[in-house]
Amino acid sequence: MTTPHPHSPTLLKPVKPVGIVGYGAYVPRYRLPAKEVARVWTGGKGGLPIKEKAVPGLDEDVITMSIEAARNAMLRAQIDPTELRAVWVGSESHPYAVKPTSTLVAEAIGAVPNTQAADWEFACKAGTEALVAAMGLVGSGMGHYAMAIGMDTAQGKPGDALEYTAGAGGGAFILGPAEESLAIINASYSYVTDTPDFWRRENQKYPEHGMRFTGEPAYFKHITEAATHLMEASGTTAKDYKWAVFHQPNTKFAQRVSGQLGFSPEQIEPGLLVPVIGNTYAGAAMIGLTATLDIAQPGDRILVVSFGSGAGSDAFDILVTDAAPLRAGLATKTQEYISRRTEIDYAMYVRYRGKLQMK
Amino acid sequence: MEIPRHWRLKQQRYSLVGEVCPHCDHKIFPPRDICPNCGDEAKELFTFSGKGEVYSYTKIYEAPTGFDANAPYTVALVKLEEGPIITAQLTDLDSTPVEIGMPVEMVTRKMRNDGDERGIIVYGYKFRLRT
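Chains as they are written, first to last, in our numbering: chain P, 1 to 359; chain Y, 1 to 131.
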């Protein structure tokens, strides 16, 4: 067993400075209000963790959603897709058990065949895990551009607490040299331990959660450690950041951890999307960052901290450049996707999510 | 299972890759050997913008095998900005009434499962209303 050394954090910094040259989001248009879940399972009683969650349509999955987010990222990056040396997709709802999501996404955006492609898995931080790796690929000079996507159509057992929040959506990021970027990633820091807070076994449709492990030992511990270590090593405090984005399984957790770390409600406001799209799992921190970049101004500093069960957090220190406002306008903004909204009831939700046994 | 056919058509299906005739600049979809406009050889690839408008449409209630899980759905003739008219499903419509001339844009979506739950998932172009 390894013992973490809380006072010797090691920043992950590429040899060559790296930044975000393009980003894109996607949120499917259907919304299931949390009160609709409560109506079916609790007689409408009890508190609601969010207002509503995004639900994918019958013809959507992580592949189709990743393609749209990737296309938005390409629109903002304005690069030739054949220059991508990696297309990586992090998710816990890849459509196939065996057959990559990433090759199909790469094919659809015209990045094949001279590229790396892989599917990443680490519960809700599969996307930021790919982002750290993309920093390494670009920062080492192995490739000029790399794409990292975090996307999910999250699963929640009918009637379970997770059913209120398990949403759909995510974001795609193209990393490249800092001098071409709309936001420079100064450094990242990762903090992981073996923690039994949430899992899904092979061939099981729905995940299980380790009850008391969900909060303090998992989400709060890992996010706090990752954020604190990154800021200590970077010589920053919460006040140095204009914006912050935290993984958001529900509204309360993200608000509480940000407050504990010294961030104000205003700092997390643009990236706190869980109340209106639900927990997008591997997409959650990523899409929060897309919404923040949509409104960020040159010179703004952004702290992003993901969390994935099992468990770990990736923290990023990001500095917005002069190119950001112009490139934000080159593709559909995250809030525009959120405003495309069709409310559905629980019955339609059951059909859309394939919860009916048809044979 | 028709894996070879789906595999062969993947570029046009995923990303609306057609052709442009090097002789008369006619945009061609789906791609073919001979330009339907000037009759000369055509083989230069061209990716369509994906923007177009509804030329005509109909609603399918009794869907063919493989598409029945999505019924009812709307199929349209979409006139692409670059010229060709293609047949495609409209998606994300909900209760919005479809009208001839409506602006639409291409999205890549799941078309159907080939071989039920055990075969490949077939992806391809559909169109949604352009806002």
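Because the hints were derived from the structure by calculation, they are not lab data. Heads up, the beta-carbon is just placed ideally off N, CA and C, and yes, glycines get one too. Some hints could be false.
[Said to hold, decoys possible] In silico DSSO-like cross-links for lysine-lysine, where the CA-CA straight-line distance does not exceed 27 angstroms:
id	chain 1	residue 1	chain 2	residue 2
1	P	Lys-333	Y	Lys-59
2	P	Lys-359	P	Lys-252
3	Y	Lys-59	P	Lys-99
4	P	Lys-157	P	Lys-205
5	P	Lys-35	P	Lys-51
6	Y	Lys-59	P	Lys-355
[Claimed, not checked] Label-pair distances were calculated between CB atoms; the ranges are:
id	chain 1	residue 1	chain 2	residue 2	range
7	P	Gly-329	Y	Gly-101	37 to 47 angstroms
8	P	Asp-160	Y	Pro-36	53 to 63 angstroms
9	P	Glu-202	Y	Asp-33	25 to 35 angstroms
10	Y	Ile-100	P	Asp-160	25 to 35 angstroms
11	Y	Glu-62	P	Lys-252	26 to 36 angstroms
12	Y	Ala-69	P	Glu-202	23 to 33 angstroms
Status of each hint after checking the structure:
Taking the CA atoms of P/Lys-333 and Y/Lys-59, the gap is near 31 angstroms; set against the 27 angstroms cutoff, the hint is violated. Our distance criterion of 27 angstroms between C-alpha atoms is broken by P/Lys-359 and P/Lys-252, whose separation comes to about 40 angstroms. Note on Y/Lys-59 and P/Lys-99: the hinted pairing is violated, with a Cα-Cα distance of about 34 angstroms set against a maximum of 27 angstroms. Taken as a hint, the P/Lys-157 and P/Lys-205 pair is honoured in the structure, with Cα atoms around 8 angstroms apart against an allowance of 27 angstroms.
Taking the CA atoms of P/Lys-35 and P/Lys-51, the gap is near 8 angstroms; set against the 27 angstroms cutoff, the hint holds. Distance hint between Y/Lys-59 and P/Lys-355 is fulfilled; the C-alpha atoms sit about 25 angstroms from each other, no more than 27 angstroms. As the Cβ distance of P/Gly-329 to Y/Gly-101 is approximately 27 angstroms, the hint placing it in 37 to 47 angstroms is violated. Roughly 56 angstroms separates the CB atoms of P/Asp-160 and Y/Pro-36, a value that falls within the hinted 53 to 63 angstroms.
Between P/Glu-202 and Y/Asp-33 the beta carbon distance is about 48 angstroms. The supplied range of 25 to 35 angstroms is therefore violated. Separated by about 46 angstroms at the C-beta atoms, Y/Ile-100 and P/Asp-160 break the suggested range of 25 to 35 angstroms. Checked against the hint of 26 to 36 angstroms, the C-beta distance between Y/Glu-62 and P/Lys-252 comes to roughly 48 angstroms, which is inconsistent with it. In this structure the supplied range 23 to 33 angstroms holds for Y/Ala-69 paired with P/Glu-202, their Cβ-Cβ distance being about 26 angstroms.
Figure legend: structure checked against the earlier numbered hints; hints not met, in rising order: 1, 2, 3, 7, 9, 10 and 11.
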